[in-house]
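Assemble the complex: chain A is given as a structure, and chain B must be docked to it using the hints.
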Amino acid sequence: MTAWGLAWRTIARSPARSVLAVAGVTVIGALLFNMLLLSRGLLVSFRDLLDNAGYDIRVIAAQGSMAHRPPIADATSLAEAIARLPEVESIAMVRTDLGQVSAPGVNAAWTPIELIGMTDSKGGGWTIVKGSPLPTGPSAGEPPVVVNTTLASMLHLEPGSRLRLRLTSAGSASALPLVTVRVIGVGGFAFEASGDLNVATTMAGFAVAHGTPADRQAEMVLVASRPGAAAPALAAIARLRPDVRVLSNDQVMAQFNENAFSYFRQISAVLSSMTLAFAFLLIATLLTMSVNQRLGEVAALRALGFPRRRIAANLLWESALLVGIGGTAAIPVGGVLAIILDRILRQMPGVPARLHFFVFEPRTVVLHAALLALTGAVAALYPIWLATRLPIAATLRREILS
Amino acid sequence: MTGAPIIEGRGLTRSFAMPAGAVTALGDVDIRVDAHDYVAITGPSGCGKSTLLHILGCVDQPTAGSLVFEGRDVSTLKESDRSRIRLTRIGFVFQRFFLLPMLTAWENIELPQAEAGAAKPARRDRTRELLDYVGLAGRRDHRPSQLSGGEMQRVAIARALANRPALLLADEPTGELDEETGAQIASLFDRVHGDGTAIVVVTHNPAVAARAGRHLAMKSGRVITS
Numbered sequence: 001m002t003a004w005g006l007a008w009r010t011i012a013r014s015p016a017r018s019v020l021a022v023a024g025v026t027v028i029g030a031l032l033f034n035m036l037l038l039s040r041g042l043l044v045s046f047r048d049l050l051d052n053a054g055y056d057i058r059v060i061a062a063q064g065s066m067a068h069r070p071p072i073a074d075a076t077s078l079a080e081a082i083a084r085l086p087e088v089e090s091i092a093m094v095r096t097d098l099g100q101v102s103a104p105g106v107n108a109a110w111t112p113i114e115l116i117g118m119t120d121s122k123g124g125g126w127t128i129v130k131g132s133p134l135p136t137g138p139s140a141g142e143p144p145v146v147v148n149t150t151l152a153s154m155l156h157l158e159p160g161s162r163l164r165l166r167l168t169s170a171g172s173a174s175a176l177p178l179v180t181v182r183v184i185g186v187g188g189f190a191f192e193a194s195g196d197l198n199v200a201t202t203m204a205g206f207a208v209a210h211g212t213p214a215d216r217q218a219e220m221v222l223v224a225s226r227p228g229a230a231a232p233a234l235a236a237i238a239r240l241r242p243d244v245r246v247l248s249n250d251q252v253m254a255q256f257n258e259n260a261f262s263y264f265r266q267i268s269a270v271l272s273s274m275t276l277a278f279a280f281l282l283i284a285t286l287l288t289m290s291v292n293q294r295l296g297e298v299a300a301l302r303a304l305g306f307p308r309r310r311i312a313a314n315l316l317w318e319s320a321l322l323v324g325i326g327g328t329a330a331i332p333v334g335g336v337l338a339i340i341l342d343r344i345l346r347q348m349p350g351v352p353a354r355l356h357f358f359v360f361e362p363r364t365v366v367l368h369a370a371l372l373a374l375t376g377a378v379a380a381l382y383p384i385w386l387a388t389r390l391p392i393a394a395t396l397r398r399e400i401l402s
Numbered sequence: 001m002t003g004a005p006i007i008e009g010r011g012l013t014r015s016f017a018m019p020a021g022a023v024t025a026l027g028d029v030d031i032r033v034d035a036h037d038y039v040a041i042t043g044p045s046g047c048g049k050s051t052l053l054h055i056l057g058c059v060d061q062p063t064a065g066s067l068v069f070e071g072r073d074v075s076t077l078k079e080s081d082r083s084r085i086r087l088t089r090i091g092f093v094f095q096r097f098f099l100l101p102m103l104t105a106w107e108n109i110e111l112p113q114a115e116a117g118a119a120k121p122a123r124r125d126r127t128r129e130l131l132d133y134v135g136l137a138g139r140r141d142h143r144p145s146q147l148s149g150g151e152m153q154r155v156a157i158a159r160a161l162a163n164r165p166a167l168l169l170a171d172e173p174t175g176e177l178d179e180e181t182g183a184q185i186a187s188l189f190d191r192v193h194g195d196g197t198a199i200v201v202v203t204h205n206p207a208v209a210a211r212a213g214r215h216l217a218m219k220s221g222r223v224i225t226s
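Each protein sequence line maps, in turn, to chains A and B.
Letter 157 of the first sequence, counting from 1, is numbered 157 in our numbering, and no numbers are missing.
Letter 39 of the second sequence, counting from 1, is numbered 39 in our numbering, and no numbers are missing.
Watch out, some of these pointers could steer you wrong.
Stated by the list, open to error - Covered by chain A, according to a simulated footprint, are these stretches of chain B (three or more residues, beta-carbon under 8 Å):
1. 93-100
2. 104-112
3. 198-211
Said to hold, decoys possible - Facing chain A, according to a computed beta carbon distance under 8 Å, are these residues of chain B, among others:
4. Ser-50
5. His-54
6. Gly-57
7. Val-59
8. Asp-60
9. Arg-84
10. Leu-87
11. Thr-88
12. Glu-115
Stated by the list, open to error - In silico negatives: residues of chain B with every beta carbon more than 10 Å from chain A:
13. Gly-11
14. Asp-34
15. Thr-51
16. Arg-126
17. Ala-183
18. Leu-188
19. His-193
20. Arg-214
For the record, the hints were derived by calculation from the structure and aren't laboratory data.
In this text the structure is predicted, and so the values were computed from the model without any measurement.
All C-beta atoms in this analysis are idealised placements derived from N, C-alpha and C, irrespective of residue type, glycine included.
Chain A on its own, in the form it takes in the complex (with noise of 0.2 Å):
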């Protein structure tokens, strides 16, 4: 009989303790296996909303953030220059504004916005899911727009409809117009968070509800590279203007890594390793206990000439029994569980709907199985050393005489 053998039927010997011991991996298992979902999570989910936006370079005011982003000067001329290059696909500008909206003959109420401007080319802002995009090109009569679903559904608002708009921009509110706006397109806004109004329409109807003409700022300029010149695209970028910052998509996730997400690693570090010692207690006293209640079978075993490797090996396979079912049950337990916790957690004011904080990746199972399989492999080796090291004379003398 194998040692994988052996230590099945010793398992399943006691079904009462095997299987208490394998849900006590599994419940600790599916709390690794969502830490280790949380430790990447954000990091692979921000990602995929960035390279889904369909712009692999983002140029920014030299003294800005990501998160805090002032106008770029002569943002036209530089967009201009940057659609120009060989490197470069396409281009988009963006500014943002707050504003409110009301909609006449269905709610006089003013509720208050986010207003985007955007030359769009690629509509990687938004997902239409009603009506049409924005228009490249100039348009006739009022500004068009597009708005979020979630204010589409609040004002009951359709393609067709109109929207009275009026910024607040801090200090110049008594000087900004309300303009009517026509909704064109509904859709789903890519960084919008839970809860957000947003509404979006072209850089000439952004300037129009500022009452202004347009003044070639813009806060962002998106810019997507040709196939594998990405690296060329933001070399030369940065050639054209020293007053921006030009960044990859791996350059604002490092932003991002560096600032909001460590937060979230290092919970889930923190967390990961507490699980770990969890399991490496639990299945080391559990399989300590085991031994010491089989002292007496163990001695005998030596005595009939088994040797050291076959009582560890017995030991081993025992500990990665227990591991292994109560690890491969954690699996599912743990993707319910973060399936929960990713719906509590996507309520936070400000995080994009889009975004998710556990994400399954096929490395993640891999890691987790790993961490797992070591934790056992080192929780088996106190008993193992318990076993191995026992004298047998005096072993089996002792369990006459108890």
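Quick look at chain B alone, frame taken from chain A:
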């Protein structure tokens, strides 16, 4: 005594370090077991019988003296070599049987053969043969908890004989059994001995001791009559 002995101990001494000072459990014992010997070791509790048996079985080492098993000085052997000797050349029968409770009678007997590397068909034949030999062919799939004390000891004897050892060591094999069952076990030992296996049995049971060809009486760690 003729031919080379299976095992020969000279001046075997075993002391145990205790807080109050060393205790000598076995003092200067000479013993020789030849093929076909049947030796009974008797004496009061604590006289060193089991200690001597453990040393003969290579599960304990003397603090002084020499032990030679089939021509090899046991003190010079590595632990793995002593394990191999125990597995293939020595059979052990314990007072408390120490069968593995999660295995059936068949599996308990097959286990040492598998460990010794016997092929599956050979193991199957030998296990069937041994179950017949100890009269438990009908209980092959029973676990120890489903067997009586006498049956468990018969399985333990079959397990001890699994790898055809030259020497069978038994430590109080009837100690947990009633008189009638003990007599059955003693008869089984007679049969094992008759089939050519040397036996050393430690016992308090005069009926078992009386069946042995040689009788060592011990007292205070020494052999007083041989």
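Verification of the supplied hints:
Only residues whose beta carbon comes within less than 8 Å of a beta carbon in chain A count, and the stretch 93-100 of chain B has 5; three or more means the coverage holds. Under a criterion of three residues with beta carbons nearer than 8 Å to beta carbons of chain A, the stated coverage of the stretch 104-112 of chain B is upheld, 4 such residues being counted. Using a Cβ-Cβ cut-off of 8 Å, 0 residues of the stretch 198-211 of chain B lie near chain A, which falls short of the minimum of three, so the contact claim is violated. Because the closest C-beta pair between B:Ser-50 and chain A is about 6 Å apart, less than 8 Å, the hint holds.
Contact between B:His-54 and chain A, as hinted, is supported at the beta carbon level, the nearest pair being about 4 Å apart and thus within 8 Å. Against a cut-off of 8 Å between C-beta atoms, the interface hint on B:Gly-57 holds, since the closest Cβ of chain A lies about 7 Å away. Satisfaction of the interface hint for B:Val-59 is found here, the shortest Cβ-Cβ separation to chain A being roughly 4 Å, below the 8 Å cut-off. The interface hint given for B:Asp-60 is met, as the beta carbon of that residue sits about 4 Å from the closest beta carbon of chain A, less than 8 Å.
The beta carbon of B:Arg-84 is positioned within 8 Å of a beta carbon in chain A (closest approach about 7 Å), and the interface hint is therefore held. For B:Leu-87, the interface hint holds, the least distance from its beta-carbon to any beta-carbon of chain A being 3 Å, beneath 8 Å. Annotation: B:Thr-88 was flagged as interfacial toward chain A, and the flag holds, the nearest CB pair being 7 Å apart, inside 8 Å. For B:Glu-115, the suggested interface contact is upheld, since its CB lies about 6 Å from the closest CB of chain A, less than 8 Å.
The non-interface label for B:Gly-11 is consistent with chain A: the shortest C-beta to C-beta separation is roughly 19 Å, beyond 10 Å. Every beta carbon of chain A lies more than 10 Å from that of B:Asp-34, the smallest distance being close to 22 Å; the non-interface claim holds. Not every CB of chain A lies more than 10 Å from the CB of B:Thr-51, the least distance being 7 Å, so the non-interface label is violated. No beta-carbon of chain A is positioned within 10 Å of the beta-carbon of B:Arg-126; the least distance is around 15 Å.
Non-interface status of B:Ala-183 relative to chain A is upheld: no Cβ of that chain comes within 10 Å, the nearest being about 22 Å off. The beta carbon of B:Leu-188 sits about 18 Å from the closest Cβ of chain A, which is more than 10 Å, so the claim that it is off the interface holds. Listed as outside the interface, B:His-193 is consistent with that label: its C-beta sits roughly 20 Å from the nearest C-beta of chain A, beyond the 10 Å cut-off. Listed as a non-interface residue, B:Arg-214 keeps its Cβ farther than 10 Å from every Cβ of chain A; the least gap is roughly 23 Å.
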